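Visitor: Using the sequences plus the hints, can you model the full thing?
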Amino acid sequence: MTRLLSSPETTAAWNWEIETESDGENGNLGRGARAALSMAEILKKHGLLDLSQMMVSWHRAGVGPIGFRSLISMHEGASTSPDDLVQMISASRPAGYTDALAGQLELLGPGVWINNEGHTKREQKLIGAFLSMDEFAVWGTLWVMHDIWSYYDFSGQPHPEVYNNNAPRLASVLKEIETSLDVEIEEGEPTYFATPEKYGILTPTTEAEGLGFDATDRL
Amino acid sequence: MGAWAGVYNPQTDDWVGGFREGVEVYTNARLDAVHGFFPWTELEERPGYAFGTLGTNAALIGAGVALTATGAGAVVGVPLTVSRVMRIFGGVGDGSGPHLSGDDGAESGRDRNGSGSGVHGNGAHSSSPSAPGEGAFSSDGEWAPSDIEDMNTALSDLEAAHGPPPAPERGPDARPENPAPEPRPEPVVPDRSPDTATTDDAPQQHTGQEQKPDPTAQEIDQAFAEMARDNEDLADRMDRQDGGRMADLDPDAAWTINPAQTTTGGGDGPEDGSRIPVTPDGAELRADDEVTDNTDNGGPAPQPDRDENPVTIRETEEPDAGGSSSGGPPEPPRPPGPGPDNGDPESIDPDGTSEIQELSSISERSSGSGFSIRRDDSGNLDPNDPELRIEDVRSSLDELDLSESQKDKIIRKLQETLTGEGRQVTQIIQSGKLNAADSFSDLLAKFGSSKDHKFRGAAAELRFAYDLVLEGRSARDIEFPPNSGVPGDDVDVVIKSETRENQFSYQIKDVESKNGVRKFYNTVVDQLSGPTADGTRRVGIFEVNQSINELPEAMVRRLSDRSMSSGVAFRLYFTDGVMTVPPDTQIYPE
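These protein sequences, in sequence, are chains U and E. Residues 1 to 219 (the UniProt record's numbering) make up the first sequence, in order. Residues 1 to 590 (the UniProt record's numbering) make up the second sequence, in order.
Since the hints were derived computationally from the structure, they do not count as laboratory data. Incorrect hints may appear among the rest.
To be verified - Derived Cβ-Cβ restraints for the label pairs, each shown as a range:
1) E:Arg389 x U:Glu197: 36 to 44 Å
2) U:Thr205 x E:Ile390: 38 to 46 Å
3) U:Pro158 x E:Leu418: 17 to 25 Å
4) U:Ser92 x E:Asp392: 54 to 62 Å
Quick caveat: nothing in here was measured; it's all calculated off a predicted structure. Ideal placement from N, C-alpha and C gives every residue a C-beta, glycine not left out.
Guide: Here you go:
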């Protein structure tokens, strides 16, 4: 297997919440930045995402997103200090909205997956990760949109080698996030393509003759 | 009260057989009532008590009327007056009726939903929940016997708490234990419904005048509150009498009038924390947070909802932690948090109720509150169903932009889904009322998913949109937005408008319990924070298959906090009430 199919929407997602008290006028930006960098470090360690950019969605209290986003280059990637990250984010605030807060931080960067022959393949967007924050809490989300994390591919064909080469990496990331951030990972909603479980994707009962669900009609 | 109606004779602890006896009982009952106002038989031995009672009754009624005439005191004055009057007339047949130990809120919830054929029957909605076997006023205005049973239930609960055998504390699911009452004739209860029959093993009441309990004022107040809750028609007439002020009261207003019990929260009940709610069909509801996905996003400042008729709770509530809430007929929505059924430690906050009033508005779940078509999981599409033929379903799907493969999957799933909602979904599809909605085929394609939870989520979206059409909106104004490809961006239903700021975007979640709300409230915000809902009015809809009483106060605060920071409003449809956060936010377009 050398071609990586993507679903047009999230295949599976995992969430967690860090309850916190406000760190001041920044609406928990400092805590969000630290959590983002911790996530980036874990993702990089397992090769799922090498942080190269951060997308900041600007919100206003009581309004939500105001339609402006900042794209920040992260030359030092996960090694960026939290204070520097806060400074970069604050510097990118839309000039016309001085009261805007960073409502969401999305981690962007390439990742590596392993095919059925054990070869590593680089994918520009292998995994999604973002944090939402307000003055009361920080929420993290990790999501995937490929079938390499499932026992069956999108057409319902089993691909155990691909699954075994990649799913454990995803599970390790989720477990490390749980321990390092002291949070509880909760699986997201089932989608047309997959049903997430705590540290991976549920392997469903076969449809027929060892085949999984054919979801290609929505790719 | 049964005696007052001339139906039940408290002296003989039996139901009267004829008109003459009924009149006699009625007369005695009236005398008892007057005696409650002025206990002349006590003049010899306790003159102070007799005149004191007379004076107190007169003074309290007068005080209640005076308070009612004021703005601030009206809330207290009305129930004070009414409760005093009811206390007097509550002496008629007090506790002498056949004992029907009430069940708890969970049982009530089951009654509500289980009995209403509209609730889980054909997908139609019953705006006025009713309990099985209950009567209330019939359409011709006659007082049905089951009303009396309701009142006896309330009064008997009262006696159960007051009489010699201790009233059993009841958890949500608990059946009353038999406290080994002293031997006495078993009262005959005519026409008892199955649900009320489950309480037969409750403590039996005394027979004979000398054994009549002497309820305290606060207990009578509780009984009155129960009666008001149990008889909507009675409540309606009271609304007309007092200009609707009673409707603004805490449904457990007896506690607010004269707090009788202290509480430490939901932990007092014997089964708090271990409660397993039961669906109307008897299935246990586990808080496994299965969700069925649906979507939305918010915008401009909240405005009063046109359809709202919020039951705003204005009085501080002293919940009964001992399970004294009587069973039987439905109770109106109460604010979540501390309550007899809530074992969540987060909900222990004696001062939280008033805060909840500020953070949310609560109303009955009715056609006016939207999303009135509830989940009907009674069956799937049956190939032998003469009304819903599979070939007709396929013809309907042929009119939409679906591939043959997708149509095959949908039809198969309509027959096989483990959610049991296949028939209801088929009926809505077959109605054709949503065919003109944008991207309707995208929604229908979701039904082909192999995941039953996904089917349930799509069904909730479908019901939500179908309800909008039934409420008079054009299907052309409804859209099921296709996925934008932006991570997390997910809007389930949109009500279109010429201007984006007047467009409503919805994210819809069908969850089994409060845990589903906790788990997905921020996901809803994230899903409504993408480009699809940018600049629109964003609303997160939760359909929670649980009583509103189960929602902890802490969760209401979290919803409120998140709403204030994100601009996303929340509307939660529980089995027995509707909550809006922030309060009175406009959820639907005009």
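Visitor: Please go over all the hints and tell whether each is borne out by the structure.
Guide: Outcome of the hint check:
1. Look at Arg389 (chain E) against Glu197 (chain U): about 39 Å separates their beta carbons, and that is inside 36 to 44 Å.
2. Thr205 (chain U) and Ile390 (chain E) have their C-beta atoms about 25 Å apart, which leaves the hinted 38 to 46 Å range violated.
3. Between Pro158 (chain U) and Leu418 (chain E) the C-beta distance comes to about 23 Å, which sits within the given range of 17 to 25 Å.
4. Between Ser92 (chain U) and Asp392 (chain E) the beta carbon distance is about 57 Å. The supplied range of 54 to 62 Å therefore holds.
When the structure is compared with the earlier hints, a violation turns up for hint 2 alone.
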